[in-house]
Every structure is written in structure tokens, then in C-alpha cells.
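Protein chains: 2
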Amino acid sequence: MNDRIPQEAQLAQSIALSREPLPASRKTHVAGSLHPELRVPMRAISLTNGETVTVYDASGPYTDPAAQIDVRRGLPAPRAAWVEARQDTEAYEGRRIQLIDDGLRDQEQQLKLRELSAGLQRTPRRAKAGHNVTQLHYARRGIITPEMEFVAIRENQRLDWMREYEADAEREARLRGKPMGAHIPAQITPEFVREEVARGRAIIPANINHPELEPMAIGRNFLVKVNANIGNSAVTSSIEEEVEKMVWATRWGADTVMDLSTGRNIHTTRDWIIRNSAVPIGTVPIYQALEKVGGVAEDLTWALFRDTLIEQAEQGVDYFTIHAGLRLPFVPLTVKRRTGIVSRGGSILAKWCIAHHQENFLYTHFEEICEIMKAYDVSFSLGDGLRPGSLADANDEAQFAELRTLGELTKIAWKHDVQTMIEGPGHVPMHLIQANMDEQLKHCDEAPFYTLGPLTTDIAPGYDHITSGIGAAMIGWSGCAMLCYVTPKEHLGLPDRDDVKAGLMAYKIAAHAADVAKGHPGARARDDALSKARFEFRWTDQFNLGLDPETAREFHDETLPKDSAKVA
Amino acid sequence: MNDRIPQEAQLAQSIALSREPLPASRKTHVAGSLHPELRVPMRAISLTNGETVTVYDASGPYTDPAAQIDVRRGLPAPRAAWVEARQDTEAYEGRRIQLIDDGLRDQEQQLKLRELSAGLQRTPRRAKAGHNVTQLHYARRGIITPEMEFVAIRENQRLDWMREYEADAEREARLRGKPMGAHIPAQITPEFVREEVARGRAIIPANINHPELEPMAIGRNFLVKVNANIGNSAVTSSIEEEVEKMVWATRWGADTVMDLSTGRNIHTTRDWIIRNSAVPIGTVPIYQALEKVGGVAEDLTWALFRDTLIEQAEQGVDYFTIHAGLRLPFVPLTVKRRTGIVSRGGSILAKWCIAHHQENFLYTHFEEICEIMKAYDVSFSLGDGLRPGSLADANDEAQFAELRTLGELTKIAWKHDVQTMIEGPGHVPMHLIQANMDEQLKHCDEAPFYTLGPLTTDIAPGYDHITSGIGAAMIGWSGCAMLCYVTPKEHLGLPDRDDVKAGLMAYKIAAHAADVAKGHPGARARDDALSKARFEFRWTDQFNLGLDPETAREFHDETLPKDSAKVA
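Here the protein sequences line up with chains G and A, keeping their order.
Just so we're aligned, residue 1 is where the first sequence starts under our numbering, counting upward by one.
Just so we're aligned, residue 1 is where the second sequence starts under our numbering, counting upward by one.
Calculated directly from the structure, the hints in this document are not laboratory data.
One thing to keep in mind: the hints can contain errors.
Where chains are identical, the list cannot tell them apart; a pair therefore holds if satisfied intra-copy or between any two copies.
Unchecked claim - Okay, derived cross-link-like pairs now, DSS-like style, lysine-lysine, Cα gap no bigger than 30 angstroms in a straight line:
id, residue 1, residue 2
1, Lys178, Lys336
2, Lys442, Lys411
3, Lys351, Lys336
4, Lys411, Lys128
5, Lys415, Lys128
6, Lys351, Lys292
7, Lys178, Lys442
8, Lys128, Lys336
Could you build all of it, start to finish, from the sequences and the hints given here?
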């Protein structure tokens, strides 16, 4: 099934399914001041009382009926001009694609695949010799890039409509957030974004080879972000399904998407996903490297891994999960665990370390990896290969030893001006969540934290979007910058479209609840607008202001008394 | 539709649907020591490796294939003997049923309804003159009732099987709970239950006219409990649907059920629900009182309300929501709110207060209500009629003024030895949740807190089981004793069977996550048993140890690699 070569018609058709704007919504664009050419997208929701509520919009051009989209050619690339204008990059021929990149054995299959993605090929760019093209590098030199201004405008979600909802002084004082160490200004300025990036406290994942990107920031002083994992597997799904899943995920608010494909067609799937994605794309390069050695972890080499990094950097991947903190001496710490090593990347590298009885080659070659990252501005997502796979293993020495190492690596990455975030757990009972955040802040010096949940109990397979949504909301409030979603299929199977949406809903709730608790300026205005609509029985507005207007409308029926509770 | 007289055959058939035991589970019973006649039910889950995991079981006789159940006659009544043995109650003729109790206009309809529930009629009992039959009264006199021992055995869920999962000293120390002021002993003894009840820190809702009850406790030093609301409305649903919903709710773990029926057939619906329920049943008597005055709040009188209390107490309702804390002077405090008064009971009483410009008659007659409560051992659930209906209104003066009044009323109820818990919000952002718990503990002197969620954001209609599951888990950890579930239909419509289950799943997760965080002894053992099964690829055991084996099994498919992440 995975050998199947996708049909162009199918691809185009399936993606067309998710192109409708959300109800009563239209795409608006805000221009920049420093960079007037910016067109920062937002979603304007028209209410029946004449008000307009503007919200953050991760859905890309897909929800803009005016946008011409041809998935066979990829999205428009407004960022190309920004990159070009900096004059510190060069186009070059790039690595030649190999059969093994797609897990293929014969040239003919490859030709077919290549033909199908012919319109998606781009000449790669890299930093000119002696240059560093990361947003961190620019920020430290005092440069406010278009990416930074884009982020600043985007984070404000237009402040003007919110004023009505923030006018009551008593209410504002009563509901003032508890920032838990965050420092969020009333208005996000481009200079603030620059400072946060320069400090390493925020990243803007933005590979120079991903010019289709609408830049976004991940950092504790910004809106809490959500990542959705997609990706085909050796067993099921296809390129078109994954492209559609990416579009679908961003429609429901995914701020970044990780392509965790395994099996065949990995390279080509990524071509399709990146060229058609307006959100940053992350990958775990060790997955593809493992495919290239036929799934035998012991056969992995630095040379092959390095080549895979370059392959993916040239395609435009915005951040790489790199499990460089899983050191050989930490592996024995997992022996007494209830659930050993559950991270896929972690288990691959642990196998390699044990087989060779050598230090993890990602650790020993870390500075060389930094050299690649800064030539393309790929951000690190330092992976937690030893994250706990059960409550029983939470906050143990294996986990925290790795976290401390990730702190060391952060400093090395920063020495190279490479943008860096840190991955976190996993499975953690509520009372141990804060310690995760505290340790991360301490050892990683406020580099953005990016956690998977955490799941607060293990007893609800089939509902882990909820067990983990609880933990995600709590750690988001405590300062976690991005939450990797968990779908209802976690531990049980691969998520389909419905699962992707269910996971995103739980995580958009968690992220927003965290923003409100932290006191992100204006985060509560949407709650207020919806509550006002609810109190005034403006049902349509209540639906349309919600995270999922369609489901709300569908659930609404005539069983509620019309004159229900409403006094004073 | 609500006039429809249910068919016996239908009733019996629909209830038969939910009588299967959960997979690999069988009902076991533990006898008492002080009271050897006790048969405390538990669910024993058989694992494929020969282990047996025993868990708390709220599902009543329905999941016991050996139980003979005839819903037309009601469940067996083991508690009748315990009540009788105390010799402080008397059978009496009881109040005569009236047409208005079921909202009927002609005698013939009533005769049909009565005929249908003929097998469910019982002679009511009440305290003999000069006696007080509450569990609180016994507890204060040093008496360990069968109800108390039942609770003690039940809360331990058998400790023996847990030992394997608690054997690792390092793990136990690392995962030790953070009790936030709770004091939970390693083993719950009958004497501990008595002390907690005597202190007012726990209640055992157990009307002497509900002999079918399997007693349970609500208190911060016990397992966190979950309530499910059901009830027909003026618009939809029928008696048989509601009985089935009650059975269905307890199957999925509801520890108590509130019958919030409005419209017609209220009295008869309650006959069916109570006589067939092994969990405590709560009601909001003002709902029925309002039906009796044709929905005109202004026409409510103390005499009519008092008569309704007796009607319901004789039927066996275990706890009453009484909105006695909503005082006339508090109503103006809601004027500036975003969402006014959203509690149905609250809005009814506010209307009455405003119309008459008089103090709330529940407040002025509170001691008379206490007299009724102690004659039947109905527990107070002091209602929060001014709970916030939006984040904007959270923790405002209206809410907290009422809460302080509930504290005063608690002391009055305790003076009468009436068991009392306190209802709480509602809609509260995460950072304001702790203050709710703190204020409640302070003013209500550790009387059990019973909250609705709280919802941590207003922006997700259709997903409020999740927005509120987050808040419920957090407040449960902080000491909230019972969590009233919220279903996905909240704000949109009345829950159907699927919604009831979805709400319960979210809330069983929240309650369990809270138990683990508080460090309830043994709570984590089930997580460990499931994680171990997961690590050992015992799929069947993983499903069966979960909260919803059916969904987990259904979600499982062959897409997960068999040799997935597992090292060390």
C-alpha cells in the first residue's frame, strides 16, 4: 500500500475538501511598519451584532478563498524575497536525491515519484561561507527581521476589538493573570520579539528553504503554541493523506506540524508537506536515517545521519528533533524503570550506544550538527529520548540526567547562534509537573520548553488527549512554550482525521487556558466575547466564536429552554 | 412526548442493555468485621498473566450476572435491616401523592402512572420523635454504623494486590503525593470514617428511605468522587431513558447521580430512579416546586417547598441542593456581571427575592429545613446560585458573598447534626481555582466541596467536558471532594447516552489524576498495572485495566509496529 504512487487528481481533490473558511470568518492581512510588504494573516469573525473579533490564524492560505492554490506546485513563497534581501545566502546545486531517500529499490519507481513532485522541486539555498543565517544571529546583532515583525503583529491579534472586553477595571484586577515568571508586555513589539529571540527565550523556526512559511514564535512570553504530529507509516496511509492531514491540522489550529513519516516515500512526502505548508515543519531525522539502514539501529553512522540532515535542511525542514542528550552512561539508569525507554528516537540511539558501547554520536558530533543548523537556520528541538513512559518513571534520574545534558547542549547551540528548544515529557502525575518546568528553566536557561502532554494518568487508553490535556494546560501555565498534542489513539494506533481534530481541540483548549492563566494580554477577550454572545442568546455568534463552530452547531438542539437561567 | 406513559416491556428491555459485566471483570464482595453481614462490592479484573486487580465499583448489581433484577420492583434492599436495627425510625403512612407531583391534570393519567410504578411503592420511614437519624449524629456519638464500615472497606479497594506495585522504595519516595492539606491514612478504617463524618469533613449521603443504597463517602480524605446529572426535561426524554441513563452512568463510574428532571412525571421518574439505584440520588427540589406553580417563580411559597421536601425525602432522595445562601442583598452584586445568574436554582430564587423584595425563604426557613433533613438523613448540598457563568465573573463578590453565607449555614446544619457539602463553580480560569478551594475551606470549615468543573475557558462549546476536566482535576487535587461532570453538550443541549459516557470518562480521569497527585494510598497502583501490561505488550490487559476497555480495543489496530520502542 505504501508503494502506491499517488494520483495527482486524488491529491488535488482531497485537499480541496479543507479549503472552506470557517463560518462567518474571513482572512484579513495586516501590513508591517518596519517591513511594509508583510501581510500578516488573521481570522476576522463577524458577529451578528456588528462586532468583529479577530483571532490568531494558523490555517495558511487554505482558508482564503482568494488564494490560488495548486498543491502540485506548492504555496506562494513571500519569504523568499526577505531571505534574498539579506544577501547572506546562496543558491547551490544541492545534494542529489538517492533511491534510499524514499526507501526505493528501482529507478523506475523513483522516476514516477519524482515526476509527480516535479513542480515542488526548488534550488536549495545555504549561508554563504562565513555567514550565519539564523534568526538568533540576526537578533543578537540587533537586526529586526521581517520574520520578527511578522511574529509581533501576529501575536497581538489586533488589540483594538478587545478594548470593550477589558474596560471594566474591577474585572481586570480580579482576573489578572498569574504569570509564573513570564513577562508579557501589553503589546508585543518587533523589538520585544528581537530581544526574546536574542536571549534564547524564544525561537522562530524558519528554514531559509521554507519560503512558504508564515513565521511564528515559540517562547514563554508569547501565546502558547500547539504542535500536531502527522506522518505515514510502514503500514498505512499515503502522501495525499498526510498532506491533507497537515492542511486539516492547521485548519484546527496547529501552530507547527511534525512529519514523523516512516516506511517508504519519506523524502517525497516531505516535499509535498513542506511546499504546501505555511506552518513550520519539524522532523526527527533519525527516523529516516534508520529507514536508510533497513531498520537496524546498530548500522547507523554519523556520515549517513549528517547526509540526512543536509537532505532535510535543503528541503526546508524548520526544526529537527535531535536526541543528543541521551548519553551512554544514562542507559543503565533505565533498567529499573516500569516502562524502559518509550521514545522511538531514544530507543534507536540507546540500541546504537549499547551495541557499540560508544557515546551517542549525536552528542559527540553536536558542534558539527550546529554548523549545519546555522547554514539553513534549522532550529534544534533537543529530544528527550529518556522521557518517562508511565507515571511510575516520571522525574527519575534517567530523565533528569538527560535534561541536564540538554542544558549543556543548549549552551553549545547558543554559542553557534542556533535557535534551540527543549523537548519534555511524557507521563507525569500532576504533582510532579511543576518540577519538570523548574528543572528545565534552571538547566536550560529559559530556552523554550516543548512537552508531549504530559499525561497525568495511565489508566485511560482511548482518552489520552484528555489525560494529557490536563497536564498540558498546567505546564503551559507554568511556562511551557509549545504543547505537542496527543490524540485519542495514543498507545493504540495511528490517528486519522477525526483523531487529529480531537487532539487539536484538547490542545487548543489547554494552550488557551494557559494563556488566560498566565495573563497573556487579551487572551481572555475571546472568552468574554463568547460569554456575552451566550448571555444574549446570540447562538450563531456563540458557535462561531468557539474553537469548533461546526460541532457546537451540530450539538445544539431545541432541548434547552429558551428562557433558561438569566437574571440581573 | 413527555405525556407518554412508558411501556413496561420497553423499560425492562432497555435496561437489560447495560447488564453485561465489563470485560474480564467479575463482581466480588467483601464482608465486614464489625458488621459481618456487609457485602461490599468490588470489581475484580483478571489479567492474562494470572494477576487480579481489584477496583472500586459504583455500578451496583447491574454488572453482576448473578443478581436478579426486576426494574418494576426495584433493587434488593440490604440496608433496610441496618436502618431497622437502629430502632430509631418508624414506618408511617406518608404524604399522599397529588396530581401536581407529576404535573398532571387528570386522575386517569395518574392512575396509569401509579399502576406502572405500583411495584416501586414503599412505606416511608422517618425518625421517631426526638430522634436524629443522620450518620453525622451517630458518628458524633461514637457509633460506627454499617454504612461507615461499608465505606471503609470500599475505599481500600483491597490493598493486597497493590503491594507488588508499591514495592520499590525509590519509586514510592519519588512519586509521593502532595496532599495539599489532606490527611489520608495508609488504610481506611471504620473508625477513621466515623471520625471524618463526625468532624463534618465527610458525608455519607444515605436517606433511610433508600435501602437499596451501597453507601459511599464524599470527603477530601477519601477518593475523589464524580457525580453525573441526568433528568428528563419538558421537551424530551422519558422515564425509561432516564432509568437507563442512571444505570449507564454508574456503569461508567458515577458515584452519585442527580435527577434534575423538569416537566411532567417528575415524581414517578424519581420512583423509578431511586428504587433502581445503588448510588446516592441527589435532586434540586426547587425544580419540582417550580413545576408545581406552573413555572412562575414568584408564586413559590415556603409551604409548597416544604411539602416537596417531604415528598422527596419519603421517596429516598439522599441529598438536596438547597440554594439558601443566595440572599436578597447579593442579587444586586450580579448586575455588572458578564453573564448574570446562570444557576437555574439561583435564578428562580433571585426572581422570587426581587418580586417580593424579601429575603430568600430558604434562608429564613433554614432551621426548619434542617428538621426535615435529620428526620430522614437527607444531606445538604448547599447550592451556589451565584456561581459564575463565565471566566469574567469568576471569584467576584457575588460568588464569594454567597460562599461565606454557605459557611454560616454549614454551622447551623452541623448544630442539627445534618450532613452537609458545599457546591462550587462553574467557570474559573486556572489561576483562580486555588482561591476557590481556599475560601471554601476557610469559610465552610472543611465541609466537603462539590464543584461543577470548573471550566477553565469559555471558548470551546462542544468540548466543555475537556475545558472543565482540566479545572476538575486541579481542584480535586486541591481538596475538592466531588466533581460534578460536564458533558460535551453543556450550553448546547441535553446529554444523550454517548454524552453521559464522554462526560464520565473525562471526570473519572480528573478524579483519578487528583487521587494520584494527592497521594491517595494505592491510587497509582492501577496506573502501574496498566503500564506494566503496556510494556509487556499484554494488549488485552491494557484494554481491560483502562477506564473504557471497549473504546481502547476498538481504537487498537495493526498500524503500530509490534517491536515499537522498548529498550532496557
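Identical-chain pair category, Lys411 with Lys128, by Cα at 30 angstroms: Within one copy only: 24 angstroms inside, 77 angstroms across.
Within, between, both or neither: Lys415, Lys128 at alpha-carbon 30 angstroms: So Lys415 and Lys128 pass the 30 angstroms test inside one copy only (19 angstroms; across, 83 angstroms).
Intra/inter-copy verdict for Lys351 and Lys336 if alpha-carbon distance must be at most 30 angstroms: within (17 angstroms within a copy, 63 angstroms between copies)
Status of Lys336 relative to Lys178 across identical chains (alpha carbons, at most 30 angstroms): between (38 angstroms within a copy, 24 angstroms between copies)
Lys128 and Lys336: within-copy, between-copy, both or neither at 30 angstroms Cα: Neither. Shortest intra-copy (49 angstroms) and inter-copy (62 angstroms) distances fail the 30 angstroms Cα cut-off.
Status of Lys442 relative to Lys178 across identical chains (alpha carbons, at most 30 angstroms): both (20 angstroms within a copy, 22 angstroms between copies)
Within, between, both or neither, where Lys442 and Lys411 count as close if Cα-Cα is 30 angstroms or less: within (13 angstroms within a copy, 47 angstroms between copies)
Homo-oligomer pair classification [Lys292, Lys351; C-alpha up to 30 angstroms]: Result: close within a single copy only, 16 angstroms intra versus 73 angstroms inter.
Violated hint for the displayed structure: number 8, the only one.
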